[in-house]
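2 protein chains.
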Amino acid sequence: MSEENINKNEFPELKNDTFLKACRGEEVPYVPVWIMRQAGRYLPEFKSVRADVDFFSVCRTPELACKVTLQPLDRFPLDAAIIFSDILVVPQAMGIEVQMIPGKGPFFPNPIRTIEDLSRVQFPVDVNKELGYVFDALTLTRKRLEGRVPLIGFTGAPWTLMTYCIEGSGGTTMSNSKSWLYKHPAESHKFLSMLTRVCIDYLLGQIKAGAQALQIFDSWSNELSPAMFKEYCLPYLVQIGKEVKAVHPEIPLICFAKGSNFALEDLSKSGAYDVLGIDWTIEPSVAREMVADRVSLQGNLDPCVLYCGDQVIRDQTQKMLQSFGTTKRLIANLGHGMHPTHPIEGPESYVKAVHELSKQMINK
Amino acid sequence: MSEENINKNEFPELKNDTFLKACRGEEVPYVPVWIMRQAGRYLPEFKSVRADVDFFSVCRTPELACKVTLQPLDRFPLDAAIIFSDILVVPQAMGIEVQMIPGKGPFFPNPIRTIEDLSRVQFPVDVNKELGYVFDALTLTRKRLEGRVPLIGFTGAPWTLMTYCIEGSGGTTMSNSKSWLYKHPAESHKFLSMLTRVCIDYLLGQIKAGAQALQIFDSWSNELSPAMFKEYCLPYLVQIGKEVKAVHPEIPLICFAKGSNFALEDLSKSGAYDVLGIDWTIEPSVAREMVADRVSLQGNLDPCVLYCGDQVIRDQTQKMLQSFGTTKRLIANLGHGMHPTHPIEGPESYVKAVHELSKQMINK
Chain B
1 MSEENINKNE FPELKNDTFL KACRGEEVPY VPVWIMRQAG RYLPEFKSVR
51 ADVDFFSVCR TPELACKVTL QPLDRFPLDA AIIFSDILVV PQAMGIEVQM
101 IPGKGPFFPN PIRTIEDLSR VQFPVDVNKE LGYVFDALTL TRKRLEGRVP
151 LIGFTGAPWT LMTYCIEGSG GTTMSNSKSW LYKHPAESHK FLSMLTRVCI
201 DYLLGQIKAG AQALQIFDSW SNELSPAMFK EYCLPYLVQI GKEVKAVHPE
251 IPLICFAKGS NFALEDLSKS GAYDVLGIDW TIEPSVAREM VADRVSLQGN
301 LDPCVLYCGD QVIRDQTQKM LQSFGTTKRL IANLGHGMHP THPIEGPESY
351 VKAVHELSKQ MINK
Chain L
1 MSEENINKNE FPELKNDTFL KACRGEEVPY VPVWIMRQAG RYLPEFKSVR
51 ADVDFFSVCR TPELACKVTL QPLDRFPLDA AIIFSDILVV PQAMGIEVQM
101 IPGKGPFFPN PIRTIEDLSR VQFPVDVNKE LGYVFDALTL TRKRLEGRVP
151 LIGFTGAPWT LMTYCIEGSG GTTMSNSKSW LYKHPAESHK FLSMLTRVCI
201 DYLLGQIKAG AQALQIFDSW SNELSPAMFK EYCLPYLVQI GKEVKAVHPE
251 IPLICFAKGS NFALEDLSKS GAYDVLGIDW TIEPSVAREM VADRVSLQGN
301 LDPCVLYCGD QVIRDQTQKM LQSFGTTKRL IANLGHGMHP THPIEGPESY
351 VKAVHELSKQ MINK
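Residue numbers (the UniProt record's numbering), protein chains in the order written: chain B, 1 to 364; chain L, 1 to 364.
Just so you know, these hints were derived from the structure itself, not from any lab. Computed from a predicted model, the values in this text were never measured in an experiment. Built from N, CA and C at the ideal position, the CB exists for glycine as well. Treat the hints with caution; some may be incorrect.
Here are some chain B residues the structure puts well away from chain L; computed CB gaps all over 10 Å [to be verified]:
{"#": "1", "residue": "143"}
{"#": "2", "residue": "183"}
{"#": "3", "residue": "205"}
{"#": "4", "residue": "259"}
{"#": "5", "residue": "302"}
{"#": "6", "residue": "303"}
{"#": "7", "residue": "359"}
Below, computed lysine-lysine pairings styled on DSSO-like, alpha-carbon distance capped at 27 Å [what the hints assert, rightly or not]:
{"#": "8", "chain 1": "L", "residue 1": "190", "chain 2": "B", "residue 2": "319"}
{"#": "9", "chain 1": "B", "residue 1": "47", "chain 2": "B", "residue 2": "21"}
{"#": "10", "chain 1": "B", "residue 1": "183", "chain 2": "L", "residue 2": "242"}
{"#": "11", "chain 1": "L", "residue 1": "319", "chain 2": "B", "residue 2": "230"}
{"#": "12", "chain 1": "L", "residue 1": "352", "chain 2": "B", "residue 2": "352"}
{"#": "13", "chain 1": "B", "residue 1": "319", "chain 2": "L", "residue 2": "352"}
{"#": "14", "chain 1": "B", "residue 1": "183", "chain 2": "L", "residue 2": "319"}
{"#": "15", "chain 1": "L", "residue 1": "183", "chain 2": "B", "residue 2": "319"}
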């Protein structure tokens, strides 16, 4: 895509800015809602795209990434789109091969097992060259959205990416990556710093390409003790937020350090993020107390509720909204991504419940 | 085993009661230590027993269960033994088939998927008939221990057992079992009440057979939100502790609701437990503050530290002991069981470090 095409003045005017307002803590007519993995395998139209094309080819083909990004918006009145991609495109950009094994998840044929393996990591990275396909997908999607809702870009956080690179797959005891931290603190910081640099350049590139908000996923931060989080996650999360904010203070930044509830206060005081994601393992009222009005909160319905039919979804949404205590500084989401086995009716009911119930609360 | 054989007066006199003293909050000469899954696949002598006999046959053969229970004590100066068994013997006792698939873990050929399936669950259960083999293993082991250290018995907690029965295996998103709670609250409480009854009878039987302390494992409690924990875990955990204490106030009870850190205060105030287990996702000093001096704490080293050699283990043990703040009301353990891939030197260094460093702290 040529430089001319990514001139932001060409992007259509935004019609629904409820999500961006909630990120900034401004008044909203209702609580905005989007759902992690809202473009995913629970949608038949997504599966039909994936039937012919492997996972990373969808990521690497702007037309297809754009197509699946828009799919859930045609079904549900979501308040934001999130670009279809994967956090593991960053290790790929650093020369580390990642495959997606159907039914199993990501697989690294040559994981970073020893500190000597670090020499195999490509650094620095020209993100325009290595990740230009994501930027192209963002620009195309931003245009095709026609201003319906804002477009979110994202990256994995350094520790989560490091974990994958060392483990070579997800869902383990994280023994290898956590042992790295204990055994090789200097090399761990080196690797995390490299990943941090690439994440920052990647996020800045996403903004340039059209992303209107950015989320950083630290999906494995809950494997670390509070002391290890403070040493190996927090500084890099803060660095990313601050360096991106220094260039683009107007772009809302969301940090989702899943399950690391103890970190909410520190993260909210860091000034590096506008929004903090939470999962269902913390009561919203407790999270609200920890962050006060320093940041907006995003979450936190248990995804399993979406299996349980309209009435249960409505009841649980009501409880959640009431526990958050205020409809300001709030973005409704799940505490984790959609499952491939979720029924379509689940997100449909949830989006409806959030909109209707929050409007009632605001107009009371 | 005949009634005569389980006459407790025949049990050898206890020589090392440091663990029991720490459970009760009495003065100790050093911090006692035992390790979850201390009898396990990381031991070559354990693997050699398992080479010829499948997992549940070891559980069901008192001679073998006793043999593997004692194995780690011959290697390390541990302060307690825990009977070799599995939490899934309780579903088996309730007529639900459980297989152990090598390399994969537990598998239920006919899980409890629908509320109609509840009618398949055998209840009430004659624990002497269905779980007598565990009682025999306890009695035999208590004798063979010759009073070296106390013998711990255990059970899974009702919610964790219910999860396995419904999911049919571990390590999933818990969608089925959590959906049960949301969709079928009455039937969930019914199932949990049945499991609670069996757990209580089972624990009382274990005491009669020679167990000198008991641990309740709620391994999947961290999948629940604080509100769901309060409704579906806490009441049953408290009921178990109180009913066992009503009959045997002298037997220390340990509750390990893994990762449900928010519950520590409630559990410590319930009066149902003497000791609460914690994993590494909470700073020991924070846990200590939450429970004050109402209970002892047990934990909480990250098992991954045991891969990292003597010096790292010693440093991390020092940090842990210092964070607990006092050597009283403390039992050292890991925050999770031993991994099959752990080196033997790991627990060896850990036990040594706990003993030496805590003695230094006490004698200061």
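Could you let me know if the closest chain L CB is still more than 10 Å away from the CB of residue 359 of chain B? 24 Å, holds
Within a Cα-Cα threshold of 27 Å, do residue 319 of chain L and residue 230 of chain B meet the stated pairing? 15 Å, holds
Is the straight-line distance between the alpha-carbon of residue 190 of chain L and that of residue 319 of chain B 27 Å or less? Holds, because 24 Å separates the two Cα atoms, which is no more than 27 Å.
Pair hint residue 183 of chain L and residue 319 of chain B, alpha-carbon separation not exceeding 27 Å: 16 Å, holds
Does the alpha-carbon distance linking residue 47 of chain B and residue 21 of chain B stay inside the 27 Å limit? 33 Å, violated
Assertion that residue 303 of chain B lies farther than 10 Å from chain L (Cβ): Non-interface label fails for residue 303 of chain B: nearest chain L Cβ at 7 Å, not farther than 10 Å.
Are all beta-carbon distances from residue 259 of chain B to chain L longer than 10 Å? Given that some Cβ of chain L is not farther than 10 Å from that of residue 259 of chain B, nearest at about 8 Å, it is violated.
Is the nearest Cβ of chain L still more than 10 Å from the Cβ of residue 143 of chain B? Residue 143 of chain B is indeed farther than 10 Å from all Cβ atoms of chain L, at 36 Å.
10 Å Cβ clearance of residue 302 of chain B from chain L: 6 Å, violated
Against the 27 Å threshold, does the CA-CA distance of residue 183 of chain B and residue 242 of chain L hold or violate the hint? This hinted pair is violated, its Cα atoms lying about 44 Å apart.
Taking only the CA atoms, is the gap from residue 352 of chain L to residue 352 of chain B under or equal to 27 Å? 59 Å, violated
Given the hint that residue 319 of chain B pairs with residue 352 of chain L, does the C-alpha gap stay at or below 27 Å? Violated. Residue 319 of chain B to residue 352 of chain L sits at ~49 Å, over the 27 Å cutoff.
Checked against the numbered hints given earlier, this structure breaks hints 2, 4, 5, 6, 9, 10, 12, 13; the rest are met.
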